[in-house]
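**Q** Sequence:
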Amino acid sequence: MATEPPPGPTPLHLSINEADDGAAVRKYLAEGVDVDARDEKGRTPLFWAVWMGAHGSARALLEGGASVEAATDENNWTCLHQATQSDDVDMVDLLIDHRAQVTARDASDGRTPMHLALSKPYPGQEVLVRMLAQEGGVNVILNDEKGMTPLHDAAKYGHTATVEALCQAGADIKALDWEESTPLHLAAQGGHTAVVRALCKAGADIKALDWYNWTPLHLAAQRGHAITVEALCQAGADIQACDKEESTPLHLAAEGGHTATVEALCKAGVNIHSRDRKGTTPLHDAAKYGHTATVEALCEAGADIHSRDRLGRTPLHDAAHKGHTATVEALCKAGFSIQACDRYKWTPLHLAAVRGHTTTVEALRKAGS
Numbered sequence: 518m519a520t521e522p523p524p525g526p527t528p529l530h531l532s533i534n535e536a537d538d539g540a541a542v543r544k545y546l547a548e549g550v551d552v553d554a555r556d557e558k559g560r561t562p563l564f565w566a567v568w569m570g571a572h573g574s575a576r577a578l579l580e581g582g583a584s585v586e587a588a589t590d591e592n593n594w595t596c597l598h599q600a601t602q603s604d605d606v607d608m609v610d611l612l613i614d615h616r617a618q619v620t621a622r623d624a625s626d627g628r629t630p631m632h633l634a635l636s637k638p639y640p641g642q643e644v645l646v647r648m649l650a651q652e653g654g655v656n657v658i659l660n661d662e663k664g665m666t667p668l669h670d671a672a673k674y675g676h677t678a679t680v681e682a683l684c685q686a687g688a689d690i691k692a693l694d695w696e697e698s699t700p701l702h703l704a705a706q707g708g709h710t711a712v713v714r715a716l717c718k719a720g721a722d723i724k725a726l727d728w729y730n731w732t733p734l735h736l737a738a739q740r741g742h743a744i745t746v747e748a749l750c751q752a753g754a755d756i757q758a759c760d761k762e763e764s765t766p767l768h769l770a771a772e773g774g775h776t777a778t779v780e781a782l783c784k785a786g787v788n789i790h791s792r793d794r795k796g797t798t799p800l801h802d803a804a805k806y807g808h809t810a811t812v813e814a815l816c817e818a819g820a821d822i823h824s825r826d827r828l829g830r831t832p833l834h835d836a837a838h839k840g841h842t843a844t845v846e847a848l849c850k851a852g853f854s855i856q857a858c859d860r861y862k863w864t865p866l867h868l869a870a871v872r873g874h875t876t877t878v879e880a881l882r883k884a885g886s
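Residues in the sequence shown are numbered from 518 upward in steps of one, following the numbering used here.
A hint or two may mislead.
[What the hints assert, rightly or not] In silico DSS-like cross-links for lysine-lysine, where the CA-CA straight-line distance does not exceed 27 Å: (1) LYS839 with LYS862; (2) LYS795 with LYS691; (3) LYS544 with LYS663; (4) LYS544 with LYS558; (5) LYS883 with LYS839; (6) LYS795 with LYS718; (7) LYS637 with LYS663; (8) LYS663 with LYS691; (9) LYS784 with LYS663; (10) LYS862 with LYS761; (11) LYS795 with LYS839; (12) LYS761 with LYS784; (13) LYS761 with LYS795; (14) LYS850 with LYS761; (15) LYS724 with LYS691; (16) LYS862 with LYS883; (17) LYS761 with LYS637; (18) LYS839 with LYS850; (19) LYS795 with LYS784; (20) LYS724 with LYS795; (21) LYS883 with LYS795; (22) LYS761 with LYS724.
[Unchecked claim] Simulated restraints, written as ranges between beta carbons of each label pair: (23) GLY720 with MET569: 41 to 49 Å; (24) GLY582 with ASP626: 55 to 63 Å; (25) ASP607 with ASN788: 34 to 42 Å; (26) SER603 with GLU762: 41 to 49 Å; (27) GLU817 with LYS637: 18 to 26 Å.
Hints are computed from structural coordinates only; laboratory data are not their basis. C-beta: ideal position from N, C-alpha, C; glycine also.
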């Protein structure tokens, strides 16, 4: 038996394209058509009106009894989801006036209209969030399927005014997502300094640990957000906090070659000689990844150029092993012991040679190996 093709848009759907005064909609409704008829994608005429920003048609449909909660079968979006995604504050206002549920969740990851409102910046966002918050959006909507609250989203995308509005509306400033990150973690990770300051002012826990035992300062340092690092340090962040690998924020900044961030942490009084679980110092990390400018900054700040990790290797060993010639030259200039041996009696020259780093070998020989 042949399957009937899915229905297309009804005349009521198509009337929304003709004009936006609502007259055509009222004409069809007077004829008794189904106000909530669905097209082939499960969209009602009201969803079409919201999608196209047809306010007159939307008002006429709502007055005619259209269901404000009818969701599409594609992603379970309600009309309020669509209005929010379309940045249409007036449409959001109209839908809320007709009792649209701000707590409705979509089918993909449980996101509500509030989450969508915070997914990108646009004019009127703060007004929109305040509107939703007044309807219980902040207190009722806790998390999407990734544990993200609206405040997490606002912090992640750097929406300072919105963060302040949500905090004033009673958002949980210490809420955790699925990685145990607070909104402050996400703001720090994104380098959103103004949001970081706003959250700290609102009472965020600046020493909170996520699943990796990273503080907000770890995240800002790892991403190289020097200004954000300074703001966190000024707010009382623990500059010696260690993650699961016993790495400090300085280790992460050095590993990433974020020289300005390294300098900011040194200025804040960080222990430049701290060691992680493998016994490596920040100078080891910078040398290993060939971050010459960062190596020079650490040396100028007083890093121990003769420090050894658990394998007995110095930063010069690490730079030579990876073939970072410019870094090797900088370390030699700083006075590193070229003849130093690791646990296996290997010098930096041995490591460079066995890896076939010809230019590095030449640099070491020139320096006196």
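**Q** Indicate, hint by hint, whether the structure satisfies it.
**A** Hints, one by one, checked against the model:
Taken as a hint, the LYS839 and LYS862 pair is honoured in the structure, with Cα atoms around 18 Å apart against an allowance of 27 Å. Straight-line distance between C-alpha atoms of LYS795 and LYS691 comes to about 32 Å, which puts the hinted pair past the 27 Å bound. For the hint pairing LYS544 with LYS663, the CA-to-CA distance comes to about 45 Å; that exceeds 27 Å, so the pair is violated. The suggested pairing of LYS544 with LYS558 holds, with an alpha-carbon distance near 24 Å, which does not exceed 27 Å.
Only pairs whose Cα atoms come within 27 Å are accepted, and LYS883 paired with LYS839 is accepted, the gap being roughly 18 Å. Of the pairs offered as hints, the one joining LYS795 and LYS718 is violated, with about 37 Å between alpha carbons and a cut-off of 27 Å exceeded. The straight-line distance between the Cα atoms of LYS637 and LYS663 is roughly 18 Å, inside the 27 Å bound, and the hint therefore holds. At most 27 Å may separate the alpha-carbon atoms for a hinted pair to count; LYS663 and LYS691 meet this at roughly 16 Å.
Taking the CA atoms of LYS784 and LYS663, the gap is about 37 Å. The hint is violated against a cut of 27 Å. Straight-line distance between C-alpha atoms of LYS862 and LYS761 comes to about 31 Å, which puts the hinted pair past the 27 Å bound. Restraint check for LYS795 and LYS839: satisfied, since their Cα atoms lie roughly 18 Å apart, inside the 27 Å limit. Our distance criterion of 27 Å between C-alpha atoms is met by LYS761 and LYS784, whose separation comes to about 25 Å.
A C-alpha spacing of about 12 Å is found between LYS761 and LYS795, which places the hinted pair at or below 27 Å, so the restraint holds. A threshold of 27 Å between alpha carbons decides the hint, and for LYS850 with LYS761 the separation of about 34 Å lies outside it, so the pair is violated. This hinted pair checks out: LYS724 and LYS691 have alpha carbons roughly 11 Å apart, not beyond 27 Å. Proximity of LYS862 to LYS883 is assessed by CA-CA distance (about 21 Å); at most 27 Å being required, the pair is judged to hold.
Straight-line distance between C-alpha atoms of LYS761 and LYS637 comes to about 33 Å, which puts the hinted pair past the 27 Å bound. The hinted pair formed by LYS839 and LYS850 meets the criterion: a straight-line CA distance of about 18 Å does not exceed 27 Å. Taking the CA atoms of LYS795 and LYS784, the gap is near 25 Å; set against the 27 Å cutoff, the hint holds. This hinted pair checks out: LYS724 and LYS795 have alpha carbons roughly 24 Å apart, not beyond 27 Å.
Only pairs whose Cα atoms come within 27 Å are accepted, and LYS883 paired with LYS795 is rejected, the gap being roughly 31 Å. The straight-line distance between the Cα atoms of LYS761 and LYS724 is roughly 15 Å, inside the 27 Å bound, and the hint therefore holds. At roughly 43 Å, the beta-carbon separation of GLY720 and MET569 lies within the given 41 to 49 Å, and the hint holds. Between GLY582 and ASP626 the beta carbon distance is about 32 Å. The supplied range of 55 to 63 Å is therefore violated.
In this structure the hint that ASP607 and ASN788 lie 34 to 42 Å apart at CB is violated, the actual value being about 56 Å. Between SER603 and GLU762 the CB atoms are about 45 Å apart, so this pair conforms to the stated range of 41 to 49 Å. At about 42 Å, the beta-carbon gap between GLU817 and LYS637 misses the expected band of 18 to 26 Å.
The structure fails to meet hints 2, 3, 6, 9, 10, 14, 17, 21, 24, 25, 27 from the earlier list, while all remaining hints are met.
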